[in-house]
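With the hints as a guide, dock the two chains, each given alone in a separate frame, to form the complex.
Sequence order for the protein chains is E and Z. When we follow the working numbering, the leftmost residue of the first sequence carries the number 1, and every step to the right adds one. When we follow the working numbering, the leftmost residue of the second sequence carries the number 1001, and every step to the right adds one.
A couple of the hints might just be wrong.
[Said to hold, decoys possible] If you want the ones that stay clear, here's a sample from chain Z, every Cβ over 12 Å from chain E, calculated:
1. 1011
2. 1064
3. 1110
4. 1146
5. 1183
6. 1227
7. 1234
8. 1246
[Stated by the list, open to error] Covered stretches of chain Z, going by a simulated chain E footprint (3 or more residues, C-beta under 8 Å):
9. 1079–1091
10. 1160–1173
[To be verified] Restraint ranges, calculated between C-beta atoms of paired labels, are given here:
11. Z:1108 - E:172: 51 to 61 Å
12. Z:1093 - E:5: 41 to 51 Å
13. Z:1238 - E:176: 39 to 49 Å
14. E:252 - Z:1093: 47 to 57 Å
15. Z:1234 - E:117: 51 to 61 Å
16. E:142 - Z:1097: 29 to 39 Å
17. Z:1009 - E:52: 48 to 58 Å
18. E:117 - Z:1162: 19 to 29 Å
19. E:142 - Z:1006: 49 to 59 Å
Calculated from the structure, these hints are not laboratory results. Built from N, CA and C at the ideal position, the CB exists for glycine as well.
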Amino acid sequence: MIAIKDLTFAYSGQPPIFQGYRLHVSRGEALSIIGPSGCGKTTLLYLLAGLRHPQSGTISIDDKPISRPRPRSGLVLQDHGLLPWQTVRENARLGLTIWGFYGSDGRHAPADEKLVPNQADQRVDDWLKKLGIDGLRDQYPLQISRGQRQRTAIARTLAMKPDLLLMDEPFSALDAPTREDLQKFIITLHAASDLTYIIVTHDIEVAVVMGKKILVLHKGCNEEARIMHNACAGFTDGRMQGEFQQQCEDLRKLLGSMT
Amino acid sequence: MRRRFDIRAALIGLLMFFAIWQLLAWIIHRPIMPSPLKVLPIFGASLFGDLGTHFLASSARVLAAICLAVVTAVPIGLGLGQVPKVNRIFAPLIAIVYPIPKIVFLPVIYVLMGITDISKIFLIAIIIFFQILVVVRDEAANLHPELILSVRSLGAGRRALFRYVYFPASLPAVLTALRVSVGTAIAVLFIAEQSLTTYGLGYYIVVETYQVLRYPEMYAGILAMSLLGLVLYFIIHNMEQKVNRYRGEEQN
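Just chain Z, same shape as in the assembly (with noise of 0.2 Å):
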């Protein structure tokens, strides 16, 4: 059973966190590395101003492209599973694809689409796409066709299979497949903030603070895009805990 997450291990961990930080800052002895007791104060003032704005943008560009990614990734990856002809057909295509790093797409997608946010989130949604698609797929693949037989013989039709067998059989999955894939996915979008866009952390940490020299916000910025990041992860890990709970058990 996979550990829960307490609240003693995430403190120690915060605390050799700024420790080496300060630890750094001392060595460096840098404007490019400013003390944490130097940047928390700044980042804990600038949240609930222009920071958290940019935070918002963010959060909402990376929420809004998972839920695109999910509900296109999830009947996809569901018929694909069930229908193995079609499968077949396809999976040489997406074994092709799903490596590509889908980042080098940012200029045609800003040609094809625009540049609006758009743009942006559809970036990351076929990033997450990929993932949930593969992990989906397999997971539909891997069911037993006696269970859905015998859920059929209960008089389950096709919507009743998604309802009552394929989607909570692939939850897991999607969950596990964007908790890995959630690092990406905000990595991708601190590069396409950077352009194109006056709002989102990517823009406040290169154009607003970096570009100008102001250090110390711009660390501000990175704890933020930290801390979008760490919160998806854990939202999603806690998500996974919950749908797994009947796999955890058996093992007590």
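Looking at chain E on its own, in the form it has when it is part of the complex (with noise of 0.2 Å):
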């Protein structure tokens, strides 16, 4: 589904901190990506939703390279992707709003659907009910918990049928249970579906728990993809707790020694 093509990409005036890399996910996969501060983590991730853009090299989702957001990829940010001045529910709509503002053009907003308001209110309501916010749908952001942000924040993206997901820290700022609970979420519906996501995260078990497969990057300048197999992902039971611990631990010093 994505194919990176000899990415070379360098913030202005800075060393690149990818030349010639390349990397291939495909339909359906959880990938994590992990690395230390300033490793161009989430770099990678706006790469991915079209937000930067490389300096060489390509990046295609389905074929076609990226040049802008794509309508049927979602972002969701560890914080601060929500209007504090619009509701729960106007936040969780933003996105199908944005739409019916361009029409379907393709560019903007997919071609293949057209949604008469009442069809996106519903399918807004529905997404909120799922995660358990409904009964928040007309508080504002700054009335709410981080954890209720994050779910309106996630029922946003979920609303406009992505079929791929790309998150930044989406659970950093949350309360273990909370953080969990939303882990939970996204493993089950990434099982009911071909949804493909991928996790940035700093933190090694959120690697380890959402990752089926994880790329790890480090400081300095990345040239070629290490990704590491993992089949604990998706278990937020405990059932495989001695392969988890291990998986962690592998993880850890795989990170160690790329420092």
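In structure tokens, the structure reads:
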């Protein structure tokens, strides 16, 4: 689904963080990206989201090179993603509202889906219910908890029926029960559909829970994709406690050896 | 949360205002300080006559100036706030021009733009323009980059960002700037209307009443101008509270 070829990227006036980088992600995959801060993991996610542009090389999704945000790619950030002056429901509907603003032009909004306002409302309400925040729909983001805000952001993204979900540290500001709850939600959603997701994290355990493959980045210039396969992903019930611990240990060692 | 405008407080304020006025009228006891009991009937009667016409002329000028300032300052402020490179070039210039009392340009504007209403409206507009420009610029610059990125990821291009992010984000600041500058705007209007026109409260107060010693009528004009300021202030204040609803309720 995703093909990165010979990617080179540098922030202006700085040495490149990616050079000749190649990566392939198949449809339905669950990928974690981990590395120390400043290694380029968020940059890579933004490149995939079409919010940054490579100096050379191509990034294509479904064989189409990415030059701007793609309608079927969803992005969830750690924080600051909601409009403070809109209610939970208005925020969750924002993506579909923007689609309506442009019409199905195929650039800003998918050309293959036309929603009448009623359907959009219905879909948003369904996701609010599934995420357990339909009771908060008339609240403003400042009035609800961080976890509830993150649920709103996820509802907003899922209402757009993404086939690719890009997440940047989506759980790192949340308390443990909320984090586990949302991890389970995403894992269950992934298991029930052909959704591809990529999650950026600095947390070893999150990386192991969420990623069937774990992409490890390091500081300095990344030239070759280092991928660790992980059989423990998706089990949140502690069934593979021993293996899970081992996997985390291996990943910790790998990260240590790369810096 | 800001206290809501309540009628009882307003009545008490008005009552005190007129009581002090009456007191001053007794103490000073000269034609320049007529009693409100003499002025109010004149005010009431002439507001539906010639004073009303002057009131409408002044209101129209202020409103036109506000509109002109908003439609020019908001887009320019948003542009500057979002493009730091351009902002760095113009920031020193704005910092110098911003504090200049714009009224000093009155003669220049008259000569360049002629003695029509346009020149008066323009003068008031540039005062409000700079107030709005600065706050909108700062508001746009302070938006979290993550917020912009995440809305862009929803498909928003420049137009949708303006409609759903920049405009609503800067609206409260625009209203605050307007509320603060409306007093100055009316003060400048007063001066600008003293010459080269035959309509407006400034003209009424200075030329039609003060210069011919019709003091009670002059006070009716002063009341009308105060009313104009007051009404504008409270309209803007109310709009501000509406758009700030999401901030207010947080503290409940």
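Does the claim that residue 1011 (chain Z) lies outside the interface with chain E hold up, using a Cβ gap greater than 12 Å? Answer for residue 1011 (chain Z): holds, closest chain E Cβ roughly 34 Å.
Taking 29 to 39 Å as the hint, is the beta-carbon distance of residue 142 (chain E) and residue 1097 (chain Z) inside that range? For residue 1097 (chain Z) against residue 142 (chain E), whose Cβ atoms are near 36 Å apart, the range 29 to 39 Å holds.
Is the claim that residue 1246 (chain Z) lies outside the interface with chain E correct, judged by CB distances over 12 Å? The claim is violated: residue 1246 (chain Z) sits with its nearest Cβ about 4 Å from chain E, within 12 Å.
Quick check: does the Cβ-Cβ distance between residue 252 (chain E) and residue 1093 (chain Z) fall within 47 to 57 Å? holds (55 Å)
Can you let me know if the beta-carbon spacing of residue 1093 (chain Z) and residue 5 (chain E) is within 41 to 51 Å? holds (46 Å)
No chain E beta carbon within 12 Å of residue 1227 (chain Z)'s: holds (32 Å)
Claimed clearance of chain E by residue 1064 (chain Z), with the beta carbon kept past 12 Å: holds (29 Å)
Just tell me: holds or violated, for the beta carbon distance of residue 1238 (chain Z) and residue 176 (chain E) against 39 to 49 Å? Holds: the Cβ-Cβ distance is about 45 Å, inside 39 to 49 Å.
Separation of residue 1183 (chain Z) from chain E, once the least beta-carbon distance is taken, above 12 Å: holds (27 Å)
Okay, residue 1108 (chain Z) versus residue 172 (chain E) on CB: inside 51 to 61 Å? Once the Cβ atoms are compared, 58 Å apart, the range 51 to 61 Å for residue 172 (chain E) and residue 1108 (chain Z) holds.
Find the nearest Cβ of chain E to the Cβ of residue 1234 (chain Z) and say whether that gap is larger than 12 Å. holds (22 Å)
Say whether it holds or is violated: residue 1110 (chain Z) keeps its Cβ farther than 12 Å from all Cβ of chain E. holds (42 Å)
When the structure is compared with the earlier hints, violations turn up for hints 4, 8, 9, 15, 19 and for no others.
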